[in-house]
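Engineer: Under the working numbering, residue 832 is the last one in the sequence shown; the count climbs by one each step, no gaps.
Be aware that one or more of the hints could be misleading.
Pairs of lysine-lysine, DSBU-like flavour, derived with a Cα cap of 30 Å [said to hold, decoys possible]:
no.	residue 1	residue 2
1	K787	K589
2	K508	K787
3	K787	K635
4	K272	K434
5	K446	K272
6	K446	K434
7	K589	K675
8	K635	K589
9	K149	K68
10	K675	K635
For each label pair, taking beta carbons as the anchor points, the in silico distance ranges come out as [as the list claims (entries may be wrong)]:
no.	residue 1	residue 2	range
11	H96	S760	31 to 41 Å
12	D347	V767	44 to 54 Å
13	R168	D347	32 to 42 Å
14	F471	R167	50 to 60 Å
15	H96	Y785	39 to 49 Å
16	L356	A406	20 to 30 Å
17	E330	A406	48 to 58 Å
18	R300	D516	40 to 50 Å
19	G711	R168	48 to 58 Å
20	D292	R57	28 to 38 Å
21	E344	Y393	17 to 27 Å
22	V767	P192	52 to 62 Å
Derived from the structure by calculation, the hints contain no laboratory data.
C-beta atoms are modelled at their ideal positions from N, C-alpha and C, and glycine is treated no differently.
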Amino acid sequence: MNPLTKSGGYDFLFIGLFLFGVMQPCVAQQTITLNRELSGSVSATESTKTYTFSANRGDVLELTLNIKERDFSLAVSVLNVLGQVVEYSEGTNYPHFSGVYMQFDIPLNGNYSIRIEAFDIATSTPYTLLLRALPADEQQRTIALFESKSGIIGRGYDQDEFIIAMRRGNPALFVVTTPNNILDSLVAVIDPQGNLAALNYDFFGTMSVVMFNPEISGNYYVIVAGQSEQAIGPYTLIVNPVASFSAPFTNLEEIILPGDTYVYAIGMMESKTYDISVTGVDDFRPFIALMDAGMNVIARSYPVSEIPIAAIPGFTPLADESLYLFVMGETTESIGPFQVDVAESQDEEDGLVLSLDSSFAGVIGPVGDVDEYVFAADANENYSILVTSTWHYLDPAMRILDPDGAEIFFNDDAANGVYSLFSNIRFPASADYKIQIMASPIQEIKQSLTGVYLIQMATGATFDRYPPRIFEPAISVEAIANGARIRIPTYAVLDDTYPLSATLTYDKEDREVAFDILRDTPVELDIASQPDEIFFLVVSDSADRRNAFGVTLPPPTVIAALEGTPYGMAIDAQNNLYITDADIGGVYKVTIDGATEYILLEQGSGGGILGPNALAFDAVGSLYLSNGFTHSIVKVLPDGSTESYAGDLNFPVDIAFDPDGVLYVAQIGSDTVDKIFPDGSRETFVATIRNPNGLTFSPDGQLYVCNNDRGQSSVYRILPDGTAEPFVENFTQTLEGMAFDEDGYLYAADGILGVVYRISPDGDLIVLTRGLSGAIDLAFGYGPYAKTLFASNMGIEADGFYVSQIIAIPTGRRGVPLPYGTVTDVKGWKLY
1 MNPLTKSGGY
11 DFLFIGLFLF
21 GVMQPCVAQQ
31 TITLNRELSG
41 SVSATESTKT
51 YTFSANRGDV
61 LELTLNIKER
71 DFSLAVSVLN
81 VLGQVVEYSE
91 GTNYPHFSGV
101 YMQFDIPLNG
111 NYSIRIEAFD
121 IATSTPYTLL
131 LRALPADEQQ
141 RTIALFESKS
151 GIIGRGYDQD
161 EFIIAMRRGN
171 PALFVVTTPN
181 NILDSLVAVI
191 DPQGNLAALN
201 YDFFGTMSVV
211 MFNPEISGNY
221 YVIVAGQSEQ
231 AIGPYTLIVN
241 PVASFSAPFT
251 NLEEIILPGD
261 TYVYAIGMME
271 SKTYDISVTG
281 VDDFRPFIAL
291 MDAGMNVIAR
301 SYPVSEIPIA
311 AIPGFTPLAD
321 ESLYLFVMGE
331 TTESIGPFQV
341 DVAESQDEED
351 GLVLSLDSSF
361 AGVIGPVGDV
371 DEYVFAADAN
381 ENYSILVTST
391 WHYLDPAMRI
401 LDPDGAEIFF
411 NDDAANGVYS
421 LFSNIRFPAS
431 ADYKIQIMAS
441 PIQEIKQSLT
451 GVYLIQMATG
461 ATFDRYPPRI
471 FEPAISVEAI
481 ANGARIRIPT
491 YAVLDDTYPL
501 SATLTYDKED
511 REVAFDILRD
521 TPVELDIASQ
531 PDEIFFLVVS
541 DSADRRNAFG
551 VTLPPPTVIA
561 ALEGTPYGMA
571 IDAQNNLYIT
581 DADIGGVYKV
591 TIDGATEYIL
601 LEQGSGGGIL
611 GPNALAFDAV
621 GSLYLSNGFT
631 HSIVKVLPDG
641 STESYAGDLN
651 FPVDIAFDPD
661 GVLYVAQIGS
671 DTVDKIFPDG
681 SRETFVATIR
691 NPNGLTFSPD
701 GQLYVCNNDR
711 GQSSVYRILP
721 DGTAEPFVEN
731 FTQTLEGMAF
741 DEDGYLYAAD
751 GILGVVYRIS
761 PDGDLIVLTR
771 GLSGAIDLAF
781 GYGPYAKTLF
791 ASNMGIEADG
801 FYVSQIIAIP
811 TGRRGVPLPY
821 GTVTDVKGWK
831 LY
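Based on the sequences and whatever the hints tell you, model everything.
Structural biologist: Shown next, in the form of structure tokens:
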């Protein structure tokens, strides 16, 4: 009998399908109609939903599962009639969309199903699901002013091209907006000769906006694309004119397309000051930004209360020029009417009488303006006067004149910010004094010479709310016979009230040393101590609200200043540091003396976490590199070449080896920590931590995991069965790297706050080092550097002492070598 006859092969196929149906769990299914949105929800009791649909071979479909906010793991599968997965997504929270967006091809005609699975969900969460067929890739299209056209960026670096006829001197605004912030977009303008004329890939989020003024008339090309290969999704391209006005003026307009942006060219004069406001109507809340012709932000504003008004008061231009006011919704979904008002501001009259516990808002502008107030002081009272910049970039200064016009007090900058403060001052006699407010006479940035300020008065040291400022790198700790010499120069500790009380506490001994810090007086202190001792310096001021600030000494030292963006780090037995540069897609080697060379280049990168992001040595000294852009791990060979070790990962962000050669991988895309065994097999080990971001082993070989969950980042101890046991919960912003010392103290770095915490075995924590900048990875050294903790600083935070640098942090305690106590020995590395 022919095996393919009905009584043979088809019967077998029928039985197989029947068995498949019997073996599958019985889940209620709902049929989906293409291009029609439906609603649903998932919960702890109903964590799986299944839908069916029909499609034909060659169809390209788009699935959008929209969940506004979620705090649980999510997986979406598209399956054929045999239950085989056609497409799968872990529901990544990256970069801006908390739901799931997928594009996939249909391999055969037939029925398919969509399975939505929620893991570790606590409450019922609603969603919307839309499945639609994608058209064939758009051909070159035309677009004109006042038009909008929609499109879709597909996989594989897809890009769409539009032609627009433009006249010289007639600017236009090109806006690319995307529903639900799915597509991280890019927009470019190409001139008639084929040259790149304008480009934007970041406009307050996933939007991209270009304001372009053509120098010649002709046909220009507008390119819309994603920022990376993973950036796919729908968009709308909108072309708006640039309306020109001379201040003062009022204009009414309406945003009717979500994500749209309007722009106004405003002619302004250097000799005048302006108040700019945009008022929303019918629940529309505006966001505004004032920019120059190069789209550099000068000032911006959201509504600051329930009143839907965004305002930029007291703005003074630096020249007679046209500036550009961008108006958009507070969110990309906002639509509605609004009113733009630009008015000339009137300067305050001098001689306003200030009283205690009063405040007054003023404007310094145009450049050179000085405001003058009068205050009746009592010689038996102490006063504080605070001037704070409230809008723009004003750097204020303040002076006080006696009744004869002589200067008796002057303050340019308070110790803890760009404002001016007299704290706890006493006047020489009871009389009327003049208070003058002006821009800082030493400020070189012209934009900081104008702006809006608030002046306040009170008794005592009311406004000294901030602790003393300590510039840790300026303090030196030098070993001397039987102790240490600590030098604190005058500029290392600043405050607004003196004297300051200082306490130096020993780390290993139950001892402390107390002393005072006077204004403009350096400190040199010789104290008895053991070798490798570290100290905690706490400085308190004499304000009404007693403030204190502490640092750890000795302070870190800089090993190397780097031009790139250092991210992940590993160290070999010779104390050579190997560091990823996520932006350029490379790895460089830094010696302990600071010499730097690249050993690996041309690794795929989308920047930051989307690129080479972590390094680890195995027990025999081989170096491994994880990459969030290529979703892979490679082994780096001594000649600079690589060989594949693992692929198809879901945004790996950290790696670590155990003594058995098992590689642990933190995957922020799937919220898991997986094991990769030496034979290449894999298994999920931890699946209960949101955004796992760092891995390390304790002295007893137990795995610890930290996570990246803004404001709720924690450290977990992992039990042998993969259970995540909280060690220290919800204590900081964003945890990056970790390392242990032999005493069981854990060091954990927060890349947003720029600090390294030291956590005791009991879970007590202190700030060991501050002033770091950006994403931070940690590793202990070897031999003479066994008590030194090295840290990489990406340099994305402007407030850090250590920006794009590798630093060495003294700890006084011997670190745990990695992997798991094995001293690595890497030899023969060469420049790639």
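Engineer: Failing hints, ascending?
Structural biologist: Per hint list: single violation, 20.
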